[in-house]
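Novice: Sequence:
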Amino acid sequence: MNNKLSNFNDFVQILLATGFSLGGGNDEGIYAIVNFGWQDVPSGSPIAWHTGDIETDPWEWRVRVLNERDDIAYSKCFFKKSGYIIREFYPYFLALRRGGRGLDDEYAEGLISQYAKRIYDVIREHGELPLQEIKTYGGFGREDKSKFDSALTELQMRLYLTICGTSRKMNAKGEEYGWNSTMFCATERFWEGTDVFDRAAKLDESGAYAVIRERVLELNPNAEEKKIRKFAYGR
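Start counting the sequence shown at 1302; every next residue gets the next number (the working numbering).
Treat the hints with care, as some may be off.
[What the hints assert, rightly or not] With a Cα cut of at most 30 Å, we get these calculated DSBU-like pairs of lysine-lysine:
#: 1; residue 1: K1382; residue 2: K1446
#: 2; residue 1: K1503; residue 2: K1381
#: 3; residue 1: K1305; residue 2: K1381
#: 4; residue 1: K1381; residue 2: K1527
#: 5; residue 1: K1436; residue 2: K1382
#: 6; residue 1: K1381; residue 2: K1528
#: 7; residue 1: K1503; residue 2: K1305
#: 8; residue 1: K1448; residue 2: K1381
#: 9; residue 1: K1448; residue 2: K1418
#: 10; residue 1: K1418; residue 2: K1305
#: 11; residue 1: K1527; residue 2: K1503
#: 12; residue 1: K1377; residue 2: K1305
#: 13; residue 1: K1527; residue 2: K1436
#: 14; residue 1: K1528; residue 2: K1436
#: 15; residue 1: K1446; residue 2: K1381
#: 16; residue 1: K1531; residue 2: K1503
#: 17; residue 1: K1418; residue 2: K1446
#: 18; residue 1: K1377; residue 2: K1448
#: 19; residue 1: K1531; residue 2: K1381
#: 20; residue 1: K1382; residue 2: K1503
#: 21; residue 1: K1446; residue 2: K1305
#: 22; residue 1: K1448; residue 2: K1528
#: 23; residue 1: K1377; residue 2: K1503
#: 24; residue 1: K1305; residue 2: K1528
#: 25; residue 1: K1436; residue 2: K1448
#: 26; residue 1: K1446; residue 2: K1436
#: 27; residue 1: K1382; residue 2: K1418
#: 28; residue 1: K1446; residue 2: K1531
#: 29; residue 1: K1382; residue 2: K1448
#: 30; residue 1: K1377; residue 2: K1418
What the hints contain is simulated information worked out from the structure, not anything from laboratory work. Computed from a prediction, not measured in an experiment: that's the story for all the values here.
Can you make the complete structure from the sequences, with help from the hints?
Specialist: Shown next as structure tokens:
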């Protein structure tokens, strides 16, 4: 664990300096600011998972960065697991994951699943939606759970969708109830008003990969080449 990491503000400052991080634990051998899982908290660590403390619980930070900042994205973007990418680094990943192409083009070529297309179209129509409403509007039932979950991860890994916050259900009196539900939106909407996509369009594949690879090796000189490529390309 980084010995400077003792609270949420430390986490944000480290993330802004490094550019990206796996969400929790570094079992893929790349880099994670919080490099231990909830079952492996070091003795005496000020950081601990699932305590509910917004200052020292990394599980709470994923929501805080989305609520309090506009320069950090969080989703299942690395190895089909959670991760953070700051605005400065996002274009490099976009250049590798999407290469300037859109979902409709990739779907026409058979590179995007039918389930992923349905999910994306529903979210694109409504702007942003909580998880349950994606299922409702898209007509997904319980029998679709496995394919739905896989397609939702696919869209995040390809950087077509990202998490944009949480919401709770409202009753007839306008009162919130129940658990928080994850909200999703298109990455174009998330980064609207920024130069993220313009910058990505100007990058070539080799140059984008070189930037990511160099930063990974700065953070973890022992990272394996095949793991770095999978981390960067998402496949």
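Novice: Give a verdict on every hint.
Specialist: Quick rundown of the hints versus the structure:
1. K1382 to K1446: Holds. K1382 to K1446 sits at ~18 Å (cutoff 30 Å).
2. K1503 to K1381: Between K1503 and K1381 the Cα gap is close to 27 Å, so the pair holds against 30 Å.
3. K1305 to K1381: With a Cα-Cα distance of about 28 Å, the restraint between K1305 and K1381 holds, given a limit of 30 Å.
4. K1381 to K1527: holds (16 Å)
5. K1436 to K1382: Since the Cα atoms of K1436 and K1382 sit roughly 21 Å apart, the hinted pair holds (cutoff 30 Å).
6. K1381 to K1528: holds (13 Å)
7. K1503 to K1305: violated (36 Å)
8. K1448 to K1381: holds (14 Å)
9. K1448 to K1418: holds (12 Å)
10. K1418 to K1305: Violated. K1418 to K1305 sits at ~43 Å, over the 30 Å cutoff.
11. K1527 to K1503: holds (26 Å)
12. K1377 to K1305: Distance ~26 Å between K1377 and K1305 Cα, so the pair holds.
13. K1527 to K1436: Given that 30 Å is the threshold and the Cα spacing comes to 35 Å, the pair is violated.
14. K1528 to K1436: violated (33 Å)
15. K1446 to K1381: holds (17 Å)
16. K1531 to K1503: holds (22 Å)
17. K1418 to K1446: holds (15 Å)
18. K1377 to K1448: It holds: about 16 Å lies between the C-alpha atoms, which stays within 30 Å.
19. K1531 to K1381: holds (11 Å)
20. K1382 to K1503: holds (28 Å)
21. K1446 to K1305: Violated, at roughly 41 Å.
22. K1448 to K1528: holds (26 Å)
23. K1377 to K1503: holds (25 Å)
24. K1305 to K1528: Roughly 27 Å between the alpha carbons, so the hint for K1305 and K1528 holds.
25. K1436 to K1448: Given that 30 Å is the threshold and the Cα spacing comes to 12 Å, the pair holds.
26. K1446 to K1436: The hint holds at about 9 Å.
27. K1382 to K1418: Cα-Cα ~21 Å, so holds.
28. K1446 to K1531: Given pair K1446, K1531 holds - Cα atoms ~26 Å apart, limit 30 Å.
29. K1382 to K1448: The hint holds at about 17 Å.
30. K1377 to K1418: holds (18 Å)
In terms of the numbered hints stated before, the structure departs from hints 7, 10, 13, 14 and 21, listed from lowest to highest.
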